[in-house]
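> Given next are the chains, with one letter for each unit.
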Amino acid sequence: MNNHNVWATVFSAGTFAQMLRSATPVALAALGGLMTEHAGIMNIGMDGMILMGAFVAAVASYFCASAAMGVLAAVAFGILIGLFFALFTVKLKSDEFIIGCALNTFALGVTAYLSREIFGLSGTSGYLVPCLPDVTIPLINKIPFVGEVLSGHSVFVYITWILVVLMWLFVYRTPVGFWIRASGESPETLRTAGKNPERMKWIASILCGVFCGLAGAHLSLGYLNGSFVEGMSASRGYIAFACVIFAAANPPKAYLAALMFGFFDALGLRLQDYISSDLTGTIPYLITIVMMVYVVVSGQKRRERLARQQLKKIETP
Amino acid sequence: MKKRLNVGYLVALLISLAVALLIGAAILAISGHNPLVAYRALLGGAFSNGRHIGDMLEYAMVLCLCGLACDIGSRVGIFNVGGEGQLLLGAIFAAQIGVWLDGTSAWIAIPLAALGAMAVGGFYAWIPGVLKVKLKVNEVITTIMLNTVAAFLCQFLAKGPWKNANKNIVAGTGNLPSAFWFSKLVPGSNLSTAIIFSAIITFLVWYILQKTTKGYEMRLTGDNPRFALFAGLKTDRIVIITMVISGMMCGLCGMFRVYGAEHIYKSSVSNEYYFEGLMVAMIAQYQPLPTVIISLIFAILKIGAMGMETAAGVPKQLYLIIQTVVIFCMAAETGIRVAIGKAREKRQAALDIKTRREGGAAHE
Amino acid sequence: MTDEIRFEHISMEFPGVLANDDISLSIRDGEVFALVGENGAGKSTLMNILYGINTPTAGELYVRGEKVTTFSPKAAIDRGIGMVHQHFMLVPSFTVAQNIVLGREPKNAGVLFDNRKAEKLTRELVEEYGLEVDPSAEIRDISVGLQQRVEILKTLYRGADILILDEPTAVLTPQETDELFEVIRRIVREKQMTVIIITHKLNEVMAISDRVGVMRQGKLIGVEETKNVNEKILASMMVGRPVLFDHLEKAGEPGEVAIKVDDLYVADNRGLPAVRGVSLEVKKGEVLGIAAIEGNGQSELLEAITGLRKINRGTVAVCGRDATNHTPGEIRDMGLSHVPEDRLSTGVDKLASVADNLLVGRQKEKRFNLLGFHQRRSTVERYAEELYRKFDIRGAGIHTEVGSMSGGNMQKVVVAREFTFDTPVLVISQPTRGVDIGAMEFFHTRIIEKRNEGAAILLSSADLDEVFRLSDRIITLYEGKITGEFSANAITKEEIGFYMTGSRKEGEA
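Chains as they are written, first to last, in our numbering: chain A, 1 to 317; chain B, 318 to 681; chain C, 682 to 1190.
Don't take each hint at face value.
Mimicking DSS-like on lysine-lysine, the simulated pairs with C-alpha atoms at most 25 Å apart in a straight line are [unchecked claim]:
(1) K93/A / K453/B
(2) K551/B / K798/C
(3) K663/B / K93/A
(4) K1071/C / K991/C
(5) K1047/C / K528/B
(6) K453/B / K551/B
(7) K451/B / K551/B
(8) K671/B / K748/C
(9) K755/C / K798/C
These are calculated hints, taken from the structure and not from any lab test.
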């Protein structure tokens, strides 16, 4: 085995292009998941939302013969599923975990059932559905390496970049963003400020549905070039959830986390001859756990430090 | 403590089941099937012959073990979502121990495999347990992460170091020597003597939770940890040990899948079965007896649905829809009941004050 | 002066608790009004009604002559009411400025949050009112004293001219308290604001308020001009109860030391020092009573002794064995039982039955176990029935869920369980809080019985009459320090009031 070859493979343009591709559906869902996370709802139902979004997009695209209609339908469906999720978690105060879990299984069942009814017993649509276009970026595509990495992807790869910026602005630079964050971190504070925290949770839940719908639409119409396959979300909802936790629900950081997952995914494929992709696949999850421990421990340290400062002030008048 | 398992719960469960079946029927009717024919085929699929009944019981066993593993965790206030990973690791280690011990007596190999599966599953549950107790790291999230890690690890082992010699099997351990197989109770089905062990475990879990002093201490810990600590219980230890036992049960369940049904470790050992067991436990409100009953209902639905697919041409995934609608109905029912209760309390309070005031005025 | 706020026959009932009972009260424009009373007297509930968090179950509220019909914080803010809660209403990850403008954010271009403007507005407020704080610091990084300033600034930003402060000094150092009072005086003088301050520190009432209202058990006991009362009078209004008790027969001489506390330092939940160098001894056959106004370290002291709270410095010994930072279970084994202050969170499993709650701590005893593990339900139930009768618990029997019982009966469950251990040491906190007179007499008799049998009893109670009635010796705690130690029959309630409120220390008298 040649060391030089390994590094060349790892840092080839193909790896990074693949990283972008793998990261995009996860990042889209993570953008939704960070809304519910900010609103204090533990949302592990994203996988089901993505899967149903992918299915709705494929079906709408199939019957309307238009990928744009597919995306639109997925967004509309996302709003509905967000409302459904909020109805249980916010209004009826059900256990978030139970509802998320049930949503995932429900999605698995309902998409498989309906796709078999619509597309036949194989349960996949084949490549029958109109798909989303790929985008070639002029000029940049001429640059060696960079062009290979950045250009020629499905349109949602680029839309995601815009959405990351928009979401960052929304979360950290608009009043509603502040209210949503307050509704999760300290709902009573928001209530005493005269805003209804439950309403913020509804908004967050709907946004999450929309983003997961988009992630699904991208998955069936962009990532897989216009086909629906049973269970095609393939745990991306859980990965998105991990990204949200990892990034402390910050949009750009969540995108970077998605890129990290994408990188290890791409790496696994590229390095198959040297090291098992299954081993490299575990790395992002292990890092996420370490991050969680770090966040908790550093929070405790911060509190201890504050208490010590306070003590000093009292003891030295 | 009969209160948690009252008539109201039973009624809610039955109504939820009925609603779910009705919604299922509506879906069937819309997609052009005769619901009655389909449901008859479903029942036939579960009960028409011994093989079906055997498969159904084996699946009920898996759901029941997973559900009980979740039950005991929730009894002490910890939520083991990582059963899937614990089950997979238990299964692959048990399979590989069997491969290694080829040629030895089954009396040696099977207990060792069971111990190995339990050790691995228990260890894998110990990690999130300690993180939760010592550092207050959310166990739900860590166990979800660990599930994926375990799935990757098993995939790695099954494709790499422990791979089957047969090139046609892409991911799977070596074949389990037939001397170690659990005897089939119904030939041709998945049902093996593992169900006897499972029944014993089920009984033990029920017995420990409901009838022993340990179960009593576990309940105190889960209900109010501060009170349990105040009363002198070592709550940290109770939670961690319970979590480890929960993991051991999942690991053992993985071993049963390999030694009773699959006779090899491959991905079909579990297809997120633990999550179905989790849903069973949720619907059963983490009580052992309802867990057993709902495991049976879910198993009938699932195995029956396979028969329904062959006999009536209805996609089997209908059962997933029915199962989850039951959960949604139960959740909605609880939410509505709580809301009604709150409204009633408020009205009662207003009434109380009114009567008190009038009564007080009369006194003076 | 006009009436700014008028409560008329306000009642507020939570499930099972009548928090406010027919309260009528007027607060005048431009005054500092102090509302005092023990924990659970209903002060915060009443103020939460004014701030729109609670909707009263009965009665009417008028603000500036207008009847309040919609109860919500938003409506209250619009009426010019601001409240600083006991538990701060701040978002930890937001900056000071972001917290202050929350709900009414300045925007640029009509959409985006204008952080610069928020900080500028904050700085203006800081300068106007002299409440120094860094607008761009995150809340989780600043001290509680500063956090409280942010709370006050927040209400000022919202244009409040009626300010409610709920226990504002509970978390402050003495210097910070002085600064706060300076601010209150200034805003009343210069901005003509009306300030309502909830507290149980009587020296502060005297220092800051124009008028004072005293609450006890949900009722308004009286409203006085502050200059017409003193701390002693207020203390007796706060804790006094009709004394209709018979004499309690105390017998026997105190024996050996059973609890020994040496130079103890303990922190409260926020990490602030709550107990500061306390040393005490309790002998067998005596009751040592702790007299202190709520929040002066008595809760933390008892929790530290019984193993529920970490000890930072000093030692505790129970029956001659070191109990410092041992687990509650280990300390129980040394021979200590504990009736905790907060029975709902610490004293019972409210989801479990009466029988299961009575058994706790004895579950491992041989008679309740068959073969060492099987719980003998019939024996458990017989035992529970016995205690149920002996301690006159009234409810729907031993299978009732404890959470559904009244406070008095719940307390009987706790006392029945703890007293039956027959340990040489008993730590008892607030034995009769929320309990009716009849049950109170019952508990008192039991406690004295225990004392006469030779138990060492450490008692803490907010009810001064109770402390006097039961104790052989009394210590007073003020701000985490012992201010005096007395033989119960050598001091009067009036005198002890001075020591409890920190206005006199031993040796100064």
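> List, from low to high, the hint numbers that the structure doesn't satisfy.
The structure breaks hints 2 and 4; every other hint is satisfied.
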